[in-house]
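Q: For the record, the sequence lines run as chains A and B. Residue numbers for the first sequence follow this note's numbering, beginning at 1 and rising by one. Residue numbers for the second sequence follow this note's numbering, beginning at 1 and rising by one.
Derived from the structure by calculation, the hints contain no laboratory data. Note that the coordinates shown come from a computational prediction; the quantities given were computed from them, not determined experimentally. Glycine residues also receive a C-beta, built at the ideal position from the N, C-alpha and C atoms. Be a bit skeptical, because a hint or two may be false.
Straight-line alpha carbon distances no greater than 30 Å define the calculated DSBU-like cross-link-like pairs of lysine-lysine that follow [said to hold, decoys possible]:
#1 A/K57 <-> B/K42
#2 A/K14 <-> A/K57
#3 A/K71 <-> A/K57
#4 B/K56 <-> B/K67
#5 B/K56 <-> A/K57
#6 A/K71 <-> A/K9
#7 B/K67 <-> A/K71
#8 B/K42 <-> A/K70
#9 A/K9 <-> B/K56
#10 B/K70 <-> A/K57
#11 A/K102 <-> B/K56
Listing some non-contacts, in silico: residues in chain B with all C-beta distances to chain A over 10 Å [what the hints assert, rightly or not]:
#12 E15
#13 K42
#14 P44
#15 S53
#16 Q64
#17 D66
#18 F75
#19 R77
#20 D78
#21 P81
#22 N92
#23 Q99
#24 F102
#25 T104
#26 I111
#27 P112
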Amino acid sequence: DGGITQSPKYLFRKEGQNVTLSCEQNLNHDAMYWYRQDPGQGLRLIYYSQIVNDFQKGDIAEGYSVSREKKESFPLTVTSAQKNPTAFYLCASSRDRATNEKLFFGSGTQLSVL
Amino acid sequence: QKEVEQDPGPLSVPEGAIVSLNCTYSNSAFQYFMWYRQYSRKGPELLMYTYSSGNKEDGRFTAQVDKSSKYISLFIRDSQPSDSATYLCATNSMNTGNQFYFGTGTSLTVIP
């Protein structure tokens with residue numbers, strides 16, 4: 001079945017530690033995105049990528065980094081510079097750069113601070 | 001002003017009721033309109049998608065877009081307890097490219 005796979009489902013970060021969230025898609029989509037979801041708030045865009053080896057900052061990129069070495073993979077690293085990382089992280093993808101009219105989501109990763 | 005405004009609720013209805021969920025948006029250039037359903041601690045699931053104005057029906061769900069008033073709605077007929085979730089509206093356009101704009105979500109509970 002085609003879809004977006006996020007792992008792990010739950011992740012814990014210690015003080016000063018970098019952690020990486022995985023996102024893989026087999027939908028053959030060009031564009032991929034990372035969103036952060038906090039209770040009572042809407043989805044906030046962290047980073048997006050429209051093509052391999054290219055990515056752009058979203059609204060809240062500080063303290064995060066990404067890479068896009070393969071079309072199907074878009075991992076997100078939460079660095080120690082992100083002082084409030086506890087949130088639900090969602091990876092998404094859409095078909096192509098020209099239209100981007102439908103956005104599909106993975107099942108999410110809950111990140112908590114120990 | 002936010003690009004998309006959505007009443008967070010919570011909304012509680014008895015089983016079988018008709019539910020109306022609504023959003024307003026600010027940019028008349030928006031062309032694509034989506035409704036997502038999100039169960040607790042799960043990823044949002046694309047429920048309905050419409051392009052420009054008009055209605056779209058899928059089973060018990062009807063999505064409606066009124067571009068003249070910048071108003072989008074989702075109607076759920078014969079609501080079921082399994083419809084209990086948070087519903088997110090979203091919009092996009094060719095002009096905004098990769099940028100999607102989301103409402104904050106409305107929490108719905110359908111009571112058996």
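Q: Look at each hint and say if it fits the structure.
A: For each hint, the structure was consulted:
A distance of roughly 25 Å separates the Cα atoms of A/K57 and B/K42; the hinted pair therefore holds under the 30 Å criterion. A hinted pair counts as satisfied when its Cα atoms are at most 30 Å apart, and A/K14 with A/K57 qualifies at roughly 25 Å. The straight-line distance between the Cα atoms of A/K71 and A/K57 is roughly 18 Å, inside the 30 Å bound, and the hint therefore holds. Straight-line distance between C-alpha atoms of B/K56 and B/K67 comes to about 14 Å, which keeps the hinted pair within the 30 Å bound.
Restraint check for B/K56 and A/K57: the C-alpha separation of about 34 Å exceeds 30 Å, so the hint is violated. About 22 Å separates the Cα atoms of A/K71 and A/K9, which keeps this hinted pair within 30 Å; it holds. Between B/K67 and A/K71, the direct Cα distance comes to roughly 35 Å. Violation of the 30 Å bound is thereby established for this hinted pair. For the hint linking B/K42 to A/K70, the alpha-carbon distance of about 25 Å falls within 30 Å, and the restraint holds.
Simply put, A/K9 and B/K56 have alpha-carbon atoms about 34 Å apart, too far for the 30 Å limit, and the pair is violated. Between B/K70 and A/K57 the alpha-carbon distance is near 28 Å, which keeps this suggested pair within the 30 Å criterion. Simply put, A/K102 and B/K56 have alpha-carbon atoms about 16 Å apart, close enough for the 30 Å limit, and the pair holds. Distance to chain A confirms B/E15 as a non-interface residue, since its nearest Cβ pair spans about 27 Å, more than 10 Å.
With a least beta-carbon separation of about 6 Å from chain A, B/K42 fails to lie farther than 10 Å from that chain, contradicting its non-interface assignment. Distance check for B/P44 against chain A: the nearest CB is about 5 Å away, which does not clear 10 Å, and the non-interface claim fails. Even its closest Cβ contact with chain A, about 15 Å, leaves B/S53 beyond 10 Å, as expected for a residue assigned away from the interface. B/Q64, annotated as away from the interface, keeps every beta carbon of chain A farther than 10 Å; the closest lies near 18 Å.
For B/D66, the non-interface assignment is confirmed: its Cβ lies about 19 Å from the closest Cβ of chain A, beyond the 10 Å cut-off. Separation of B/F75 from chain A is adequate, the least Cβ-Cβ distance of about 21 Å exceeding the 10 Å criterion. Interface exclusion of B/R77 from chain A stands, the closest Cβ pair being 24 Å apart, more than 10 Å. In this structure B/D78 is separated from chain A by more than 10 Å, as the shortest Cβ-Cβ distance comes to about 26 Å.
Once the 10 Å rule is applied to beta carbons, B/P81 is consistent with being away from chain A; the minimum gap is 22 Å. Distance to chain A contradicts B/N92 as a non-interface residue, since its nearest Cβ pair spans about 6 Å, not more than 10 Å. A cut-off of 10 Å between C-beta atoms contradicts the statement that B/Q99 is not in contact with chain A; the least separation is 7 Å. Distance check on B/F102: its Cβ comes as close as 5 Å (rounded) to a Cβ of chain A, failing to clear the 10 Å threshold; non-interface status is violated.
A Cβ of chain A approaches the Cβ of B/T104 within 10 Å, the least distance being about 4 Å, so the stated non-interface status is violated. Once the 10 Å rule is applied to beta carbons, B/I111 is consistent with being away from chain A; the minimum gap is 23 Å. No beta-carbon of chain A comes within 10 Å of the beta-carbon of B/P112; the shortest separation is about 26 Å.
Checked against the numbered hints given earlier, this structure breaks hints 5, 7, 9, 13, 14, 22, 23, 24, 25; the rest are met.
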